[in-house]
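Input sequences plus hints: build the corresponding full structure.
If you read the sequences in order, they're chains A and B.
Each residue of the first sequence is one higher than the one before, counting from 126 in the numbering used here.
Each residue of the second sequence is one higher than the one before, counting from 13 in the numbering used here.
Please note that the accuracy of each hint is not assured.
[Unchecked claim] Within a straight-line C-alpha distance of at most 20 Å, the following computed SDA-like cross-link-like pairs (lysine to any residue) qualify: (1) A/K299 - A/Q427; (2) A/K294 - A/E704; (3) A/K278 - A/R172; (4) A/K294 - A/V208; (5) A/K746 - B/S175; (6) A/K294 - A/T353; (7) B/K178 - B/T143; (8) B/K178 - A/D793; (9) A/K299 - A/W535; (10) A/K278 - A/L363; (11) A/K294 - A/D209; (12) A/K746 - B/D179; (13) B/K178 - B/A134; (14) B/K178 - A/F792; (15) A/K278 - A/T226; (16) A/K746 - B/K178; (17) B/K178 - B/L132; (18) A/K299 - A/Y287; (19) A/K746 - B/R103; (20) A/K746 - B/I102; (21) A/K278 - A/D209; (22) A/K746 - A/R132; (23) B/K178 - B/A128; (24) B/K178 - A/D788; (25) B/K178 - B/L151; (26) A/K299 - A/H444; (27) A/K278 - A/L225; (28) B/K178 - B/Q150; (29) B/K178 - A/D791; (30) B/K178 - A/D135.
[What the hints assert, rightly or not] Chain B is faced by these chain A residues, among others (derived, beta-carbon under 8 Å): (31) R136; (32) R140; (33) I329; (34) L331; (35) R411.
Honestly, the hints are just simulated from the structure, not real lab data.
We treat Cβ as the ideally placed atom computed from N, Cα and C, and that holds for glycine.
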Amino acid sequence: MTPAVGRPVDRIEGRDKVTGAARYAADTVIDGVVHAVLVQSTIAKGRVTAESMAAAAATAAAAPGVLHVLTPLNCPPLHVLPVDMTWDLPLERRPPLSDLTVQHVGQHLAVVIADTPERAADAAALMSFDYLAEPAQLGAADVLGRPVPADEKDGQIRYGTYRPDHFVKLDEEKLQDSRGAADEPDGIRIAARFTTPVNAHYPIELSATVAHWDGDMLTVHDSTRWITGERRALAAYLGIAQDRVRILSPLVGGAFGSKSFLWMHVVLCAVAARQVGRPVKLVLTRNQMFSSTGHRPRTEQQVALVSQADGSLLSTEQHTLTETSTVAHFCEPVGLTARFLYQSPRMVVSHTVARINAPTPCFMRGPGEAPGMFALEVAMDELAEATGIDPVTLRLRNDPACDQPSGRAWSGKHLRDCYLQGAERFGWWQRPAAPRAMRRNGIQVGWGMATASYPGRRMASGCRVVTTRDGQIRFAAATHEIGTGVRTVMAQVGADAAGMPLDAVTFESGDSLFPDAPYSGASQTTATVGSAVELAGRQWRQRLGRAVTSVAELRDVLDADPELCERLTFTVTSGGPDETGPLSQSFGAHFCEVEVDEEIGRASVTRWTAVMDCGRVLNPKLAANQVMGGITFGLGMALLEQVPYDEHTGQLIGEYYLPTHADRPDFDITFIDVPDYGLDPIGVRGIGEIGTCGVPAAIANAVHHATGKRLRDLPITLESLLQPFEPEPAS
Amino acid sequence: MTDLHLTVNGTPQRLSADIRSTLLDLLRERLGLTGTKKGCDHGLCGACTVTVDGERVLSCLTLAASIDGAAVETIEGAGAELDTVQCAFIRHDGFQCGYCTSGQITSARSVLREFARGDLSAASFDGCRGTVTDGPQQLSDEEIRERMAGNICRCGAYANIVSAIKDAAS
Numbered sequence: 126m127t128p129a130v131g132r133p134v135d136r137i138e139g140r141d142k143v144t145g146a147a148r149y150a151a152d153t154v155i156d157g158v159v160h161a162v163l164v165q166s167t168i169a170k171g172r173v174t175a176e177s178m179a180a181a182a183a184t185a186a187a188a189p190g191v192l193h194v195l196t197p198l199n200c201p202p203l204h205v206l207p208v209d210m211t212w213d214l215p216l217e218r219r220p221p222l223s224d225l226t227v228q229h230v231g232q233h234l235a236v237v238i239a240d241t242p243e244r245a246a247d248a249a250a251l252m253s254f255d256y257l258a259e260p261a262q263l264g265a266a267d268v269l270g271r272p273v274p275a276d277e278k279d280g281q282i283r284y285g286t287y288r289p290d291h292f293v294k295l296d297e298e299k300l301q302d303s304r305g306a307a308d309e310p311d312g313i314r315i316a317a318r319f320t321t322p323v324n325a326h327y328p329i330e331l332s333a334t335v336a337h338w339d340g341d342m343l344t345v346h347d348s349t350r351w352i353t354g355e356r357r358a359l360a361a362y363l364g365i366a367q368d369r370v371r372i373l374s375p376l377v378g379g380a381f382g383s384k385s386f387l388w389m390h391v392v393l394c395a396v397a398a399r400q401v402g403r404p405v406k407l408v409l410t411r412n413q414m415f416s417s418t419g420h421r422p423r424t425e426q427q428v429a430l431v432s433q434a435d436g437s438l439l440s441t442e443q444h445t446l447t448e449t450s451t452v453a454h455f456c457e458p459v460g461l462t463a464r465f466l467y468q469s470p471r472m473v474v475s476h477t478v479a480r481i482n483a484p485t486p487c488f489m490r491g492p493g494e495a496p497g498m499f500a501l502e503v504a505m506d507e508l509a510e511a512t513g514i515d516p517v518t519l520r521l522r523n524d525p526a527c528d529q530p531s532g533r534a535w536s537g538k539h540l541r542d543c544y545l546q547g548a549e550r551f552g553w554w555q556r557p558a559a560p561r562a563m564r565r566n567g568i569q570v571g572w573g574m575a576t577a578s579y580p581g582r583r584m585a586s587g588c589r590v591v592t593t594r595d596g597q598i599r600f601a602a603a604t605h606e607i608g609t610g611v612r613t614v615m616a617q618v619g620a621d622a623a624g625m626p627l628d629a630v631t632f633e634s635g636d637s638l639f640p641d642a643p644y645s646g647a648s649q650t651t652a653t654v655g656s657a658v659e660l661a662g663r664q665w666r667q668r669l670g671r672a673v674t675s676v677a678e679l680r681d682v683l684d685a686d687p688e689l690c691e692r693l694t695f696t697v698t699s700g701g702p703d704e705t706g707p708l709s710q711s712f713g714a715h716f717c718e719v720e721v722d723e724e725i726g727r728a729s730v731t732r733w734t735a736v737m738d739c740g741r742v743l744n745p746k747l748a749a750n751q752v753m754g755g756i757t758f759g760l761g762m763a764l765l766e767q768v769p770y771d772e773h774t775g776q777l778i779g780e781y782y783l784p785t786h787a788d789r790p791d792f793d794i795t796f797i798d799v800p801d802y803g804l805d806p807i808g809v810r811g812i813g814e815i816g817t818c819g820v821p822a823a824i825a826n827a828v829h830h831a832t833g834k835r836l837r838d839l840p841i842t843l844e845s846l847l848q849p850f851e852p853e854p855a856s
Numbered sequence: 013m014t015d016l017h018l019t020v021n022g023t024p025q026r027l028s029a030d031i032r033s034t035l036l037d038l039l040r041e042r043l044g045l046t047g048t049k050k051g052c053d054h055g056l057c058g059a060c061t062v063t064v065d066g067e068r069v070l071s072c073l074t075l076a077a078s079i080d081g082a083a084v085e086t087i088e089g090a091g092a093e094l095d096t097v098q099c100a101f102i103r104h105d106g107f108q109c110g111y112c113t114s115g116q117i118t119s120a121r122s123v124l125r126e127f128a129r130g131d132l133s134a135a136s137f138d139g140c141r142g143t144v145t146d147g148p149q150q151l152s153d154e155e156i157r158e159r160m161a162g163n164i165c166r167c168g169a170y171a172n173i174v175s176a177i178k179d180a181a182s
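Written out as structure tokens, the structure reads:
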């Protein structure tokens with residue numbers, strides 16, 4: 126039988142997606158549903174007066190169709206999460222509606238529940254509050270060097286700065302790290318400051334929750350990519366047992382790092398449903414998505430590279446200042462890549478986080494890598510220029526043989542092939558070294574490149590198999606279809622492991638009653654859930670104990686032995702990666718061309734070559750789509766995206782620009798496609814994030830090549846491109 | 013509340029609607045036609061694109077009360093049989109999460125109709141004089157990208173969407 130893995134199989138839920146039959150959380154049909162609308166704070170710091178809160182609630186409650194108004198004055202007390210969920214994850218320490226203080230613009234202050242969406246929105250618009258405003262700290266600069274106020278509410282609200290030791294639960298991924306000599310050596314030195322703005326995930330699906338209670342049993346339909354985490358956190362906030370909560374995550378309309386970590390509207394929707402005794406539907410507005418579902422926080426990075434004349438690095442430093450809210454922990458892990466990407470005897474990386482009066486940030490596609498490799502890879506381009514060495518050659522010269530922080534070998538690294546194949550495909554070796562050397566139709570043209578990298582991650586996962594008399598094998602796990610194609614590739618993996626054709630196999634996701642799986646993030650789902658599906662498929666084949674090659678044949682076998690269905694219905698669990706063997710890390714190389722029209726300040730990315738080393742490719746059609754999407758995501762970060770906040774008030778102003786059809790380049794995407802069995806039995810490493818990593822640097826480097834301007838602040842905007850070119854003074 | 017007559021996917025409907033209802037909310041919350049998606053609710057993303065009397069509109073910016081008597085077609089309207097555009101989207105993988113897809117397909121069908129009747133786009137003005145006076149001869153990638161630029165795909169399946177539309181056009 127031809128293996129299913131490796132074939133460009135069409136997306137299994139494709140038919141549903143082109144007919145409108147595909148179901149997302151807000152599409153949930155449920156009898157008697159009523160509608161909730163959030164009311165949010167309009168100041169960054171202070172307190173709502175109890176009198177105005179009561180008056181506003183009374184006004185809203187009197188509006189037509191209103192069933193209930195939930196405020197801090199009447200919200201049943203919610204519980205504080207266990208410390209292990211909040212001390213290194215971006216889950217909020219302070220339960221929602223637990224007091225009248227305001228910690229950021231867009232903090233939930235009330236929920237209005239009415240019989241129709243129009244009436245709920247209308248009543249919510251009637252609520253206005255009197256605030257006792259206090260001075261807000263809206264950026265890291267406001268926090269540094271000022272007296273630190275004392276913690277409030279037993280540490281639920283915290284101020285000042287801190288320096289976290291490691292990234293989330295990953296002890297080895299040190300955020301404060303160094304090796305080599307204490308002092309920086311002499312050599313050719315590049316030192317510069319880089320900044321990246323607040324970015325929004327901006328999935329096109331608005332976060333939506335439909336909650337209903339049946340006795341003491343809560344069912345939540347939610348656009349989430351972390352069913353098991355949401356079940357635990359929701360149960361903890363509500364003070365009920367986890368087995369009283371069922372989470373359903375139908376198809377998710379994009380996440381990119383959001384839609385996880387239980388945002389507060391989910392808790393409030395569950396409370397509202399309990400209060401009104403009816404199913405409640407809550408859909409965030411686009412503006413609320415900015416304040417209530419996470420974002421990539423600002424970063425300010427100081428990077429210093431020192432090399433010998435031949436470009437060999439002697440020292441790498443990357444120091445990051447970033448921000449989180451006053452109610453939750455998050456540290457954008459900007460400097461992790463600098464610890465290992467290039468051979469560097471000396472390395473110093475640090476992270477400082479300032480707690481500011483802004484919404485809670487969280488992971489966003491390529492957390493750390495996207496902003497961190499922007500700075501690192503632009504600095505490498507600057508070093509290439511300073512040493513007179515071609516940027517690809519410089520990187521080849523500094524390609525390390527093993528993971529420097531741990532001393533462990535790589536389980537399958539083909540980065541040199543990525544550089545060389547990419548350079549060849551792009552035509553890189555024709556590139557003139559000097560900037561401003563290429564013009565086309567009166568427009569400056571430039572070529573840039575950057576390295577891509579993202580860890581190969583894997584966690585434990587379960588998988589259930591159900592075999593039915595009609596000859597169908599149904600695999601299932603509590604993972605999520607967020608658009609990555611998990612249902613399709615898991616069916617491919619399951620079919621091959623079971624030795625059955627693809628039409629005998631389905632894969633279901635999105636229900637907390639399925640065996641536990643981790644969040645769909647960190648590019649780990651294929652390796653994680655795929656390992657469990659592969660194990661289940663292999664066991665299924667062993668239990669069957671004979672060769673069967675079609676649905677019809679399986680049906681005959683099951684008809685002849687009615688108890689076989691039961692024996693072929695079971696659950697397995699697969700573990701995490703081997704922590705002692707080689708380390709898995711994905712790599713790649715990006716090459717791009719930009720055109721810069723300096724008269725109108727327009728930069729257009731016209732051509733893109735990417736060569737990716739992500740282990741085995743299960744489905745080339747879906748994989749190429751993922752990487753193109755990742756590059757487009759990085760293109761937005763480079764040229765368009767920043768959440769526009771007023772720096773004096775923290776209010777949202779203007780819109781968030783995203784790449785459209787008109788903005789994307791022509792793509793040439795290839796994969797090295799060598800399996801990495803060091804991470805998992807199917808030989809894969811994730812591909813969800815690596816496409817984005819390095820992209821902003823490749824574009825900034827191409828803009829430099831086109832214009833001679835070294836732009837170190839994202840996004841690269843029209844204003845910066847319009848300014849006349851002036852060579853930087855030699856330092 | 014206001015009384016409305018709408019023909020939705022070929023079926024005449026008599027409705028009593030909140031005068032504040034957008035066509036999008038009417039379709040989704042009243043008529044159960046959830047194939048049309050809400051992505052921004054203020055005309056930025058294109059996910060809610062439907063046709064009204066044969067022309068594509070953003071249903072989030074269309075007050076239901078303002079189109080009394082009109083014929084509305086949603087993604088569900090075509091029935092069980094897939095058309096060439098839908099088949100091409102599947103074959104070319106013109107989506108990832110699928111949330112913008114109803115709008116992309118509705119816009120794609122409209123682009124093909126608009127092109128066939130000689131409508132110009134901003135990209136047409138990059139061509140020769142004949143392109144502007146007589147309409148473009150070829151539905152080039154540039155024409156498709158310009159005409160589809162109002163439909164945002166955050167997953168970034170743009171290249172595959174354009175391939176699908178070109179395939180369906182030929």
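Now for the hints, and whether the structure bears them out:
1. A hinted pair counts as satisfied when its Cα atoms are at most 20 Å apart, and A/K299 with A/Q427 qualifies at roughly 18 Å.
2. A hinted pair counts as satisfied when its Cα atoms are at most 20 Å apart, and A/K294 with A/E704 qualifies at roughly 14 Å.
3. Proximity of A/K278 to A/R172 is assessed by CA-CA distance (about 14 Å); at most 20 Å being required, the pair is judged to hold.
4. Our distance criterion of 20 Å between C-alpha atoms is met by A/K294 and A/V208, whose separation comes to about 13 Å.
5. Distance check on the hinted pair: A/K746 and B/S175 sit about 13 Å apart at the alpha-carbon level, within 20 Å; holds.
6. Of the pairs offered as hints, the one joining A/K294 and A/T353 holds, with about 16 Å between alpha carbons and a cut-off of 20 Å not exceeded.
7. Annotation: proposed proximity of B/K178 to B/T143 holds, straight-line Cα distance about 19 Å (limit 20 Å).
8. Taken as a hint, the B/K178 and A/D793 pair is honoured in the structure, with Cα atoms around 18 Å apart against an allowance of 20 Å.
9. Under the criterion of a C-alpha separation no larger than 20 Å, the hint pairing A/K299 with A/W535 is consistent with the structure, at around 18 Å.
10. Straight-line distance between C-alpha atoms of A/K278 and A/L363 comes to about 19 Å, which keeps the hinted pair within the 20 Å bound.
11. Under the criterion of a C-alpha separation no larger than 20 Å, the hint pairing A/K294 with A/D209 is consistent with the structure, at around 9 Å.
12. With a CA separation close to 16 Å, the supplied pair A/K746 and B/D179 stays within the 20 Å bound.
13. Restraint check for B/K178 and B/A134: the C-alpha separation of about 18 Å stays at or below 20 Å, so the hint holds.
14. Restraint check: the Cα-Cα separation between B/K178 and A/F792 comes to about 16 Å, which is no more than 20 Å; the hinted pair holds.
15. For the hint pairing A/K278 with A/T226, the CA-to-CA distance comes to about 11 Å; that is within 20 Å, so the pair holds.
16. Distance restraint check for A/K746 and B/K178: the Cα-Cα separation of roughly 18 Å lies within the 20 Å cut-off, and the hinted pair is therefore satisfied.
17. Of the pairs offered as hints, the one joining B/K178 and B/L132 holds, with about 17 Å between alpha carbons and a cut-off of 20 Å not exceeded.
18. Only pairs whose Cα atoms come within 20 Å are accepted, and A/K299 paired with A/Y287 is accepted, the gap being roughly 14 Å.
19. Restraint check for A/K746 and B/R103: the C-alpha separation of about 10 Å stays at or below 20 Å, so the hint holds.
20. For the hint pairing A/K746 with B/I102, the CA-to-CA distance comes to about 11 Å; that is within 20 Å, so the pair holds.
21. A C-alpha spacing of about 18 Å is found between A/K278 and A/D209, which places the hinted pair at or below 20 Å, so the restraint holds.
22. Proximity of A/K746 to A/R132 is assessed by CA-CA distance (about 8 Å); at most 20 Å being required, the pair is judged to hold.
23. Between B/K178 and B/A128 the CA atoms are separated by roughly 13 Å; this keeps the pair inside 20 Å, and the hint holds.
24. Distance check on the hinted pair: B/K178 and A/D788 sit about 18 Å apart at the alpha-carbon level, within 20 Å; holds.
25. Between the alpha carbons of B/K178 and B/L151 the distance comes to roughly 7 Å, so the proposed pair stays at or under 20 Å and holds.
26. Between A/K299 and A/H444 the CA atoms are separated by roughly 13 Å; this keeps the pair inside 20 Å, and the hint holds.
27. The straight-line distance between the Cα atoms of A/K278 and A/L225 is roughly 12 Å, inside the 20 Å bound, and the hint therefore holds.
28. Of the pairs offered as hints, the one joining B/K178 and B/Q150 holds, with about 10 Å between alpha carbons and a cut-off of 20 Å not exceeded.
29. Distance hint between B/K178 and A/D791 is fulfilled; the C-alpha atoms sit about 15 Å from each other, no more than 20 Å.
30. Distance restraint check for B/K178 and A/D135: the Cα-Cα separation of roughly 18 Å lies within the 20 Å cut-off, and the hinted pair is therefore satisfied.
31. Hint status for A/R136: holds, given a least beta-carbon distance of 6 Å to chain B, under 8 Å.
32. Contact between A/R140 and chain B, as hinted, is supported at the beta carbon level, the nearest pair being about 7 Å apart and thus within 8 Å.
33. For A/I329, the interface hint holds, the least distance from its beta-carbon to any beta-carbon of chain B being 4 Å, beneath 8 Å.
34. The restraint placing A/L331 at the interface with chain B holds, with a minimum CB-CB distance near 6 Å, inside the 8 Å limit.
35. A cut of 8 Å between beta carbons decides the hint on A/R411: the least distance to chain B is about 4 Å, and the hint holds.
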